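Note that the protein sequences, when read in sequence, are chains A and B.
For what it's worth, the numbering used here labels the leading residue of the first sequence as 1, then goes sequentially.
For what it's worth, the numbering used here labels the leading residue of the second sequence as 1, then goes sequentially.
Keep in mind the hints are simulated off the structure, nothing from the lab.
Since this is a predicted model, take the numbers as computed values, not measurements.
A couple of the hints might just be wrong.
[Stated by the list, open to error] Simulated pairs of lysine-lysine, DSS-like, Cα-Cα distance not exceeding 25 Å:
{"hint": "1", "chain 1": "A", "residue 1": "K221", "chain 2": "A", "residue 2": "K300"}
{"hint": "2", "chain 1": "A", "residue 1": "K319", "chain 2": "A", "residue 2": "K396"}
{"hint": "3", "chain 1": "A", "residue 1": "K131", "chain 2": "B", "residue 2": "K58"}
{"hint": "4", "chain 1": "A", "residue 1": "K274", "chain 2": "A", "residue 2": "K318"}
{"hint": "5", "chain 1": "A", "residue 1": "K143", "chain 2": "B", "residue 2": "K212"}
[As the list claims (entries may be wrong)] Example chain B residues on the side facing chain A (calculated, C-beta under 7 Å, incomplete):
{"hint": "6", "residue": "P31"}
{"hint": "7", "residue": "I37"}
{"hint": "8", "residue": "E46"}
{"hint": "9", "residue": "I51"}
{"hint": "10", "residue": "R52"}
{"hint": "11", "residue": "G56"}
{"hint": "12", "residue": "P163"}
{"hint": "13", "residue": "A164"}
{"hint": "14", "residue": "A167"}
{"hint": "15", "residue": "D168"}
{"hint": "16", "residue": "G170"}
Yeah, the Cβ is synthetic: ideal placement off N, Cα and C, and Gly gets one too.
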Amino acid sequence: MWVARGRSAVLLMLAGLLVACGTGGGGGQQTSGGTKHGDTLRVAIGIDPDTLDPAAQTTTTSAQIVDMMAETLVRVDEKGVVQPLLATKWDPAPDGLSYTFTLRQGIKFQDGTPFNAQAVKFSLDRILDPKTFKAQPGILGGKTGIDHVDVVDDSHVKITLKSRLAPFVAAMTQTVTAILSPASVNVAPNKPEQVTQPVGTGPYKFQERVAGDHITMTANKDYWGTRANYDTQVYKVVPEAASREAQVTSGGVDVINLPPANDIPALQANSAVKVILGPSDRTIQIVINTQDQTQPLLQKPEVRQALNYAVDKDAIIKKVLFGAANPLDAPMAKTLFGYCSVGSSYAYDPAKARSLLQSAGASGMSVKLVSPTGRYVQDIQVANAVAGYLRDVGLKVDGPGTTDWPTYVPTYTLAPPSQAKTDLHLLGWAPAYLDAQQQFEQFYSVRTPPAGQESSYYKNPQVDALIEQGNTGTDQAQRQKTYCDAAKMVWKDAPWIFLYNQRYPLVTSSKVTGIAGLPNEKFVTTWASPA
Amino acid sequence: MLTYVVRRLLVAVPTLLGVATIVFSLLRLLPGDPAVIIAGPTATPETIEHIREQLGLKLPLWQQYAGFLGRLVRGDLGISTRTGSPVIQEIATRAPFTVELAITSLVIAIAIGVTAGVIAATRRNTGSDLGISGGAVFGVSMPTYWLGLMLVIVFAVHLRVLPAAGADQGVVSLVLPAVTLALFSMGLVARQTRSAMLEVLGQDFVRTARAKGASRSVVLIRHALRNALLPIVTTIGLQFGTLLGGAVLTESVFAWPGVGRLLVDSIGSRDYPVVQGVVLLLSVVFIVINLVTDLVYACVDPRIRYS
Numbered sequence: 001m002w003v004a005r006g007r008s009a010v011l012l013m014l015a016g017l018l019v020a021c022g023t024g025g026g027g028g029q030q031t032s033g034g035t036k037h038g039d040t041l042r043v044a045i046g047i048d049p050d051t052l053d054p055a056a057q058t059t060t061t062s063a064q065i066v067d068m069m070a071e072t073l074v075r076v077d078e079k080g081v082v083q084p085l086l087a088t089k090w091d092p093a094p095d096g097l098s099y100t101f102t103l104r105q106g107i108k109f110q111d112g113t114p115f116n117a118q119a120v121k122f123s124l125d126r127i128l129d130p131k132t133f134k135a136q137p138g139i140l141g142g143k144t145g146i147d148h149v150d151v152v153d154d155s156h157v158k159i160t161l162k163s164r165l166a167p168f169v170a171a172m173t174q175t176v177t178a179i180l181s182p183a184s185v186n187v188a189p190n191k192p193e194q195v196t197q198p199v200g201t202g203p204y205k206f207q208e209r210v211a212g213d214h215i216t217m218t219a220n221k222d223y224w225g226t227r228a229n230y231d232t233q234v235y236k237v238v239p240e241a242a243s244r245e246a247q248v249t250s251g252g253v254d255v256i257n258l259p260p261a262n263d264i265p266a267l268q269a270n271s272a273v274k275v276i277l278g279p280s281d282r283t284i285q286i287v288i289n290t291q292d293q294t295q296p297l298l299q300k301p302e303v304r305q306a307l308n309y310a311v312d313k314d315a316i317i318k319k320v321l322f323g324a325a326n327p328l329d330a331p332m333a334k335t336l337f338g339y340c341s342v343g344s345s346y347a348y349d350p351a352k353a354r355s356l357l358q359s360a361g362a363s364g365m366s367v368k369l370v371s372p373t374g375r376y377v378q379d380i381q382v383a384n385a386v387a388g389y390l391r392d393v394g395l396k397v398d399g400p401g402t403t404d405w406p407t408y409v410p411t412y413t414l415a416p417p418s419q420a421k422t423d424l425h426l427l428g429w430a431p432a433y434l435d436a437q438q439q440f441e442q443f444y445s446v447r448t449p450p451a452g453q454e455s456s457y458y459k460n461p462q463v464d465a466l467i468e469q470g471n472t473g474t475d476q477a478q479r480q481k482t483y484c485d486a487a488k489m490v491w492k493d494a495p496w497i498f499l500y501n502q503r504y505p506l507v508t509s510s511k512v513t514g515i516a517g518l519p520n521e522k523f524v525t526t527w528a529s530p531a
Numbered sequence: 001m002l003t004y005v006v007r008r009l010l011v012a013v014p015t016l017l018g019v020a021t022i023v024f025s026l027l028r029l030l031p032g033d034p035a036v037i038i039a040g041p042t043a044t045p046e047t048i049e050h051i052r053e054q055l056g057l058k059l060p061l062w063q064q065y066a067g068f069l070g071r072l073v074r075g076d077l078g079i080s081t082r083t084g085s086p087v088i089q090e091i092a093t094r095a096p097f098t099v100e101l102a103i104t105s106l107v108i109a110i111a112i113g114v115t116a117g118v119i120a121a122t123r124r125n126t127g128s129d130l131g132i133s134g135g136a137v138f139g140v141s142m143p144t145y146w147l148g149l150m151l152v153i154v155f156a157v158h159l160r161v162l163p164a165a166g167a168d169q170g171v172v173s174l175v176l177p178a179v180t181l182a183l184f185s186m187g188l189v190a191r192q193t194r195s196a197m198l199e200v201l202g203q204d205f206v207r208t209a210r211a212k213g214a215s216r217s218v219v220l221i222r223h224a225l226r227n228a229l230l231p232i233v234t235t236i237g238l239q240f241g242t243l244l245g246g247a248v249l250t251e252s253v254f255a256w257p258g259v260g261r262l263l264v265d266s267i268g269s270r271d272y273p274v275v276q277g278v279v280l281l282l283s284v285v286f287i288v289i290n291l292v293t294d295l296v297y298a299c300v301d302p303r304i305r306y307s
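Please take these sequences and the hints and turn them into a complete structure.
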């Protein structure tokens, strides 16, 4: 009894202390721009960023934090269209082998040094420098990327490519190309080969990082554009989805990403919070081994089409994903440049699936299905549903087998066709920038493992030729048409069971507004304000 | 005594070498290429190859092993492949959080567990005994993950008196994770104390102490509890090691930035140097705790002598 009374007393004291200290958020005051000013915005995210060095970014959650501190020359808007940021315009050379960017004038980095063409050259050279720790130049490096960067004058920089790369400007929206103050990389704890505290031109400045716990940024009072509304933003690392949900519903934080999917309906009914099903460029699919040796029937397009008809995508989206996805009507997300609806669909039709399987001599065939667990929203649950639908049309499905992500990757990433271990595997693919070139890496036979990650081993010389035209063309309208033609062929050949375009769930306190999801799965809290 | 301590520490060296070798080998047997995981799903083969070279993963395995042991002798645990920071720095940043959590949990577990065990033993077969024994079984049996979330729902979501997660609000942040983590050890300590006390309470010297007129508290604490301490100390010693190394789930549920979560993150990204470093550190902790527990025996029971 005494223990119970004592504990209550302690809890009451703690409650008083918490009320006295406040728990963030911030009652705002109106700013001149019509939005309200706030003290601290608290955001809970599921991963602990491995690095804040722009040059080494691989995950969108980490990259969006870096974006708040260091800006790129160009950015994507909510519709996925490339817009100016630190560059006001860009002019491709007629041969498509170089681009000249005109830079914004009068901007200073957060350390007071000027932003200019030298800083752009320094930052781009840095991502190509082999000494930079875990640099991720991607398509901007290697044999086909940037050859060299020239300073034309203080406000113009010319980037020369090794070969024509049509999506070059889209690729420049990636956080890896963010511009850092050249002086800042020599200021401890930063080192030229590794930056831990980025100093850019962004609306927020790095303040503190406690590894595994939080990253704190403060508003840049000298920001060249519209000032941010919150004085401080704290990104807290909360790995468990259920704990993040408890944080936002208890008022401990103002924004979370990726709540438990099965709680989305309950959260939508909770007036204390708002659920945002943000856009995403990620497609989720069951990749089919089109050169399968153990199950050669999968080499037939009509069998693969049958698998597409066998699965009820709408039901999976409704019952397993609680609405957090859109069915695919093309082999890519709608927000990518190059998207077009292919004009036909694989609407759920088990009778047609059975008929196609029968005519191909594939009735009752055996297939092995694998899926990761915890990598994508409801991944293993979706794989289980798919297995059920395939069994419904008479297939013998072994699986879904599952492992954690690091164990899963080698089962498909590196294995050449002769060593493939599965018939079907669940995979998500999110282009690093919003151009169909990135999506077609999944259908371009040149990228067959180990040379790339085209794990369906799909090979269609006509599609390959169209992809090459699209990747190097300079006429954007022509590129759009080329990719559209390729997409129609891919859809018909069905190297995947085309499932859905994932949406990116966020939950915010109803006391906060101005959080926007971008089609590349970043959610921008920079311009948030108290509601 | 000093000779004994030195001898025990010397014996620890081959043990640690064995641990280092086993963890090195097991990590390399795990499926998953660190370079592929670090480079991300859309990386080009050139990027993956470059990262593999940068992280020293292209060297033959024996060279990687020799380099690892060579650095270990110099006290260098290498560089984290995930963050690029020295492993020692990574561990040093996280260790204070885990130590703070483990010590707080242990203090709670000992204070409540020993008291409850003594009460249960002295009131054997009463309602109190039944309640305490039932509570101890509950504490030992409840999955940490579930229990942690239940406490969060009650105290953070509904009552709103404690933060749901994180370590950035001082002592208040510590309450829920420490209580969650303590419950398991508390149950064990209570059960161990109860059975040890029951055994001692029936002995002749306790009856003698009562007969010569010693007060109830003197009989219980000075005579009975002191003689029952040996198995309790063993349990507490083992539990401290478990709390340090086994706080992984609690740290994940409460977003506590300790060594357990560092280990999980590092296994997930196949960060070999950090996993090796953390496992070695935990091995050292276990060796030291076992040694300290043995030395405490001598304090508790003067009949035990080490030479």
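Structure-based check of all given hints:
1. Between K221/A and K300/A the CA atoms are separated by roughly 62 Å; this puts the pair beyond 25 Å, and the hint is violated.
2. Taken as a hint, the K319/A and K396/A pair is honoured in the structure, with Cα atoms around 24 Å apart against an allowance of 25 Å.
3. The suggested pairing of K131/A with K58/B holds, with an alpha-carbon distance near 16 Å, which does not exceed 25 Å.
4. Between K274/A and K318/A the alpha-carbon distance is near 20 Å, which keeps this suggested pair within the 25 Å criterion.
5. In summary, the hint linking K143/A to K212/B is not supported, as the alpha carbons are separated by about 93 Å, beyond the 25 Å threshold.
6. At its closest, the beta carbon of P31/B sits 5 Å from a beta carbon of chain A; the interface hint therefore holds under the 7 Å criterion.
7. Look at I37/B: its Cβ gets to within about 5 Å of chain A, closer than 7 Å, so that hint holds up.
8. Restraint check, E46/B versus chain A: the minimum CB separation of about 4 Å is within 7 Å; hint holds.
9. The interface hint given for I51/B holds, since its Cβ lies 6 Å from the closest Cβ of chain A, which is under the 7 Å cut-off.
10. Evaluation of the R52/B hint against chain A yields a violated restraint, the C-beta minimum of about 11 Å exceeding 7 Å.
11. A least Cβ separation of about 13 Å between G56/B and chain A goes past the 7 Å threshold, and the interface hint is therefore violated.
12. Because the closest C-beta pair between P163/B and chain A is about 5 Å apart, less than 7 Å, the hint holds.
13. For A164/B, the suggested interface contact is upheld, since its CB lies about 4 Å from the closest CB of chain A, less than 7 Å.
14. Taken as an interface hint, A167/B checks out: its beta carbon lies about 5 Å from the nearest beta carbon of chain A, inside 7 Å.
15. The restraint placing D168/B at the interface with chain A holds, with a minimum CB-CB distance near 6 Å, inside the 7 Å limit.
16. Evaluation of the G170/B hint against chain A yields a violated restraint, the C-beta minimum of about 9 Å exceeding 7 Å.
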